[in-house]
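Student: According to our numbering, the sequence shown is numbered sequentially starting from 13.
Hints should not be assumed to be uniformly reliable.
[Said to hold, decoys possible] Below, computed lysine-lysine pairings styled on PhoX-like, alpha-carbon distance capped at 20 Å:
#1 LYS42 with LYS62
#2 LYS93 with LYS62
#3 LYS135 with LYS160
#4 LYS62 with LYS97
#5 LYS62 with LYS135
#6 LYS97 with LYS115
#7 LYS93 with LYS112
#8 LYS42 with LYS93
#9 LYS93 with LYS67
#10 LYS135 with LYS112
#11 LYS167 with LYS135
#12 LYS62 with LYS112
#13 LYS69 with LYS115
Hints in this document: simulated from the structure, not taken from any laboratory.
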Amino acid sequence: MKKFFFFAAAALAAMTVNAQTLIFDADTVKTAGSWSNGHTWEVGESFEVKLVDTKGKFQIDANNAYFGTADNHVKLQSRLKTGGKTAESGENSIEITMYKSGKLNIAARTGSNSATDRNIIIKQNGNTLLDHILLESEAIEVAGLDSKDPSKLTKIYPILSCDVTAGTVIISYPVNGINIYAIALGDIEVTPASEGIENTNAAVKVEKFYRDGQLIIRKNGVEYNALGTRL
Numbered sequence: 013m014k015k016f017f018f019f020a021a022a023a024l025a026a027m028t029v030n031a032q033t034l035i036f037d038a039d040t041v042k043t044a045g046s047w048s049n050g051h052t053w054e055v056g057e058s059f060e061v062k063l064v065d066t067k068g069k070f071q072i073d074a075n076n077a078y079f080g081t082a083d084n085h086v087k088l089q090s091r092l093k094t095g096g097k098t099a100e101s102g103e104n105s106i107e108i109t110m111y112k113s114g115k116l117n118i119a120a121r122t123g124s125n126s127a128t129d130r131n132i133i134i135k136q137n138g139n140t141l142l143d144h145i146l147l148e149s150e151a152i153e154v155a156g157l158d159s160k161d162p163s164k165l166t167k168i169y170p171i172l173s174c175d176v177t178a179g180t181v182i183i184s185y186p187v188n189g190i191n192i193y194a195i196a197l198g199d200i201e202v203t204p205a206s207e208g209i210e211n212t213n214a215a216v217k218v219e220k221f222y223r224d225g226q227l228i229i230r231k232n233g234v235e236y237n238a239l240g241t242r243l
């Protein structure tokens with residue numbers, strides 16, 4: 013039976029209890045220049061993400077893409093665009109402060125579909141944990157994801173992973189700009205969309221929205237995080 017990653021309409025899927033995910037909210041679209049001194053997201057007790065950007069190149073916009081495998085995948089609907097490459101000085105990079113060890117998962121694509129040389133590099137303590145060229149050709153094509161045309165083939169891009177420890181992790185892209193859809197710490201656990209926070213009972217009012225980049229589910233006025241923990 014086919015299962016899908018689920019984290020509302022625009023996020024990485026349900027995860028193990030210790031996992032945390034940062035997605036970039038399309039409802040609060042930021043244009044280039046919106047962050048003149050970068051921006052920081054605190055992601056629970058797992059990690060902090062800081063944009064190293066004094067020139068306002070980063071931006072967020074709405075964009076649909078699937079990530080994962082043919083059997084286990086998630087649809088993400090917004091992305092962080094780097095707006096260019098990382099400079100030798102470290103300008104235009106992403107700094108992650110890890111509060112704990114685990115597996116870092118990145119949903120990313122090249123900033124140009126025709127480019128064949130744009131790579132993403134993840135380093136910690138001077139060691140390269142991942143150096144990967146982002147190619148459109150990496151995507152697999154799967155039918156059945158388009159409700160209007162089930163025969164239509166849809167691309168699914170791979171999720172990049174590496175093991176990290178507590179400390180500082182640097183993400184750079186020395187060739188040119190890339191697009192990042194989500195950053196997660198912890199193994200991603202596949203959960204059917206019909207389980208957990210979905211409820212078709214008309215007596216239950218369910219609202220889903222984002223606060224500081226984190227999914228919040230409100231059931232009959234009570235708020236829960238994406239893991240089902242009451243806030």
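Student: Now tell me if each hint is right for this structure.
Tutor: So, going through the hints one by one against the coordinates:
1. LYS42 with LYS62: Measuring from Cα to Cα gives roughly 15 Å; hence the hint holds.
2. LYS93 with LYS62: holds (14 Å)
3. LYS135 with LYS160: violated (42 Å)
4. LYS62 with LYS97: Roughly 16 Å between the alpha carbons, so the hint for LYS62 and LYS97 holds.
5. LYS62 with LYS135: holds (15 Å)
6. LYS97 with LYS115: violated (25 Å)
7. LYS93 with LYS112: violated (27 Å)
8. LYS42 with LYS93: The given pair, whose Cα atoms are some 10 Å apart, holds under the 20 Å limit.
9. LYS93 with LYS67: Judged against 20 Å, a Cα distance of about 14 Å means the pair holds.
10. LYS135 with LYS112: holds (16 Å)
11. LYS167 with LYS135: violated (28 Å)
12. LYS62 with LYS112: holds (17 Å)
13. LYS69 with LYS115: violated (28 Å)
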